[in-house]
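Peer 1: Going down the list, the sequences are from chains S and U. So that you can map any letter, position 211 of the first sequence is 211 in this note's numbering, and since no number is skipped, the others follow by simple counting. So that you can map any letter, position 264 of the second sequence is 264 in this note's numbering, and since no number is skipped, the others follow by simple counting.
By construction, these hints were calculated from the structure, which means they are not laboratory data. Check before you lean on any hint, since a few could be wrong.
Unchecked claim - Quick partial rundown of chain U residues pointing at chain S, CB under 7 Å, derived from the structure:
hint, residue
1, Met72
2, Pro95
3, Arg98
4, Arg103
5, Met108
6, Lys112
7, Asn114
8, Ala118
9, Ser120
10, Leu131
11, Thr134
Claimed, not checked - To give a feel for the contact side, a few chain U residues facing chain S, derived at Cβ under 10 Å:
hint, residue
12, Asn70
13, Pro77
14, Glu101
15, Gly107
To be verified - In silico DSS-like links for lysine-lysine, alpha-carbon gap of 25 Å or less:
hint, chain 1, residue 1, chain 2, residue 2
16, U, Lys135, S, Lys113
17, S, Lys164, S, Lys237
18, S, Lys237, U, Lys139
19, S, Lys116, U, Lys135
Each residue gets a CB set at the ideal place from its N, CA and C atoms; glycine is no exception.
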Amino acid sequence: MTVTSAPPEAVPRRLTVTHDTGDRIFHGAARSIGLFVLFMTGAIGVFLGYQSIPTLHRYGLHFFSQTQWQPELDRIGIAAVLVGTVEVAFVAMVVSFPLALGLALFITDYAPKRIKSWLVTTVDLMAAVPSIIYGLWGFFLLGPQAMNVGRWLSEYLGFLPIFKVDTDPHAAVWQQSRYTGSVFIAGLTVSMMAIPLACAVMRSVFDQTPLGEREAAMALGGTRWGAAKMVVFPFAKGGIIGGTMLALGRALGETAAVLIVLAPAYAISDRILQTGGQTTSALIASNFGNATRSQLSALLTAGFVLFLITIVVNSIAAVIIRRSRSAALTEI
Amino acid sequence: MSTKEDVITVPAPGGPGTGTAGGLDAVGISAWFGGTRVLADVTLSMPPATVTALIGPSGCGKSTFLRILNRMHESVPGAQMAGEVSLDGEEIYAPQYRVTEARKHIGMVFQKPNPFPAMSIADNVTAGLTLTGTKLNRKDRSDLVEKCLRQAHLWDEVKDRIGQPGGALSGGQQQRLCIARALAVRPRVLLMDEPCSALDPTSTLRVEETISELCSEVTIVIVTHNMQQAARVSQHTAFFLAEQGSPGGIVEHGPTRTIFSEPSDARTADYVRGRFG
Chain S
1 MTVTSAPPEA
11 VPRRLTVTHD
21 TGDRIFHGAA
31 RSIGLFVLFM
41 TGAIGVFLGY
51 QSIPTLHRYG
61 LHFFSQTQWQ
71 PELDRIGIAA
81 VLVGTVEVAF
91 VAMVVSFPLA
101 LGLALFITDY
111 APKRIKSWLV
121 TTVDLMAAVP
131 SIIYGLWGFF
141 LLGPQAMNVG
151 RWLSEYLGFL
161 PIFKVDTDPH
171 AAVWQQSRYT
181 GSVFIAGLTV
191 SMMAIPLACA
201 VMRSVFDQTP
211 LGEREAAMAL
221 GGTRWGAAKM
231 VVFPFAKGGI
241 IGGTMLALGR
251 ALGETAAVLI
261 VLAPAYAISD
271 RILQTGGQTT
281 SALIASNFGN
291 ATRSQLSALL
301 TAGFVLFLIT
311 IVVNSIAAVI
321 IRRSRSAALT
331 EI
Chain U
1 MSTKEDVITV
11 PAPGGPGTGT
21 AGGLDAVGIS
31 AWFGGTRVLA
41 DVTLSMPPAT
51 VTALIGPSGC
61 GKSTFLRILN
71 RMHESVPGAQ
81 MAGEVSLDGE
91 EIYAPQYRVT
101 EARKHIGMVF
111 QKPNPFPAMS
121 IADNVTAGLT
131 LTGTKLNRKD
141 RSDLVEKCLR
151 QAHLWDEVKD
161 RIGQPGGALS
171 GGQQQRLCIA
181 RALAVRPRVL
191 LMDEPCSALD
201 PTSTLRVEET
211 ISELCSEVTI
221 VIVTHNMQQA
231 ARVSQHTAFF
241 LAEQGSPGGI
251 VEHGPTRTIF
261 SEPSDARTAD
271 YVRGRFG
């Protein structure tokens, strides 16, 4: 027996796998589609960024601090519309989150089988209604009713700045015109579009909650609500956040309905019940038609900012979801 | 109570259950899933402070019967039942008897360990108290956690990490955690649905020790496929059987010794001697 000083250097063998033709074609097609999606998203970003250069060059940081949008006076900025965008989205989320959560929980845990399938279809149908229809509904039907809620809020909670309205709440005849076309009404309208999105994601994750854990909570003497708090919500945390973020993305970008409902006003205001406001997407839509070349660049810059915001929101959502337990089950 | 572990005394935390062993009486129990009848007219008395084993081949309705005893059966969509179940003479299916009340008094350990994986070991033990809205001060809580984990023969293995998540334990440890969790609400009856079928021999031994030690405090009803286990831990045995195409029922029941040594029915004899099932 000979003793060698060192074992011969082992080199991992290169493996070649031969796929059949059908498999190769499918593989290639799937990869191309995946790359295409990435390319398109990137291309949108690059296009918007490139188009923004003249505007950013001309206005610099003033573009972000100027509230007015008056191209004829060479005053252009997105400070007011960014605040308006966030406000509308905020109202929409405050309203839609509890409703979507409750609806999803009712569908998965409480509703009898018959009602369950009927409700699922109806909620899915809500997502299919064109946003312009919601806009008309918000303007003609919801608006006049929501003004009463707005008036009530400003009367009793008016000491909070966001519920304040510049009018005398105790006047003999209340000034309805101060309450129309407000961020509040626009947010309510948008929330109707956010609910089905958020609800669909939450429902699919609630349904995946391990039956064993649900039964454990019930066998300990817990109510269904107790089981929901102890088992369903912690398990579905990722889906709840994911669904909410998805809805937030929708709320930030909603255009047609906001265009109809919200009375345009270019000023930073925290008074959500009071007439007037503007969002980024509604700004672009309403000025796009008669814009000159330089105005078009400014609108594209506003679009670029909105694009970045939604990407950031969705990226944060993706990170949160990936860390949660129901990660594998959440589609976003 | 001779083992060292049971020496510690804990002031009664005033949990939902009374903590004294209760007697269960099931009369004329039938069960359906959808339109299919799976149990027919089962009557069985489970006396207080004893261990009753339910044995029989798969699909004979043992688990269904067990889940009827604490009203878990009705949580399955399409499941129905008939008959009466009384705990110490009180009908738990009576309209005024709350389903949560029944489950507080009649605890359950499932076949597959189902701890709340993200919650800590200690929080798992006290989960039943949280669910039933029972408040405990910190001292009573940690005493209760220790007592229940000791009863489940898990304390020594986890005492240094009771703040860690319950999902990080091994399967056998998880099942003992589930037993501790069920005990923490001080049930009068504990139902166990094949609690050892997924466990290693050591964990099985620990669970069986727990069963023998507990039976003075809590009435135990255990479903098992393991003949030796039924013979080791139970005083009473009921043999379930479902003939081809007909719903399951009890063939024979009585003292465990009798069922295993001199069963009166030939089918029981065949089953306990391992001829089928």
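Peer 1: Does each hint hold? Answer for all of them.
Peer 2: Here's how the hints hold up against the structure:
no. : hint                : in the structure
1   : Met72               : holds (6 Å)
2   : Pro95               : violated (18 Å)
3   : Arg98               : violated (9 Å)
4   : Arg103              : holds (5 Å)
5   : Met108              : holds (4 Å)
6   : Lys112              : holds (6 Å)
7   : Asn114              : holds (4 Å)
8   : Ala118              : holds (6 Å)
9   : Ser120              : violated (12 Å)
10  : Leu131              : holds (3 Å)
11  : Thr134              : violated (10 Å)
12  : Asn70               : holds (7 Å)
13  : Pro77               : holds (6 Å)
14  : Glu101              : holds (7 Å)
15  : Gly107              : holds (7 Å)
16  : Lys135/U x Lys113/S : violated (36 Å)
17  : Lys164/S x Lys237/S : violated (35 Å)
18  : Lys237/S x Lys139/U : violated (31 Å)
19  : Lys116/S x Lys135/U : violated (36 Å)
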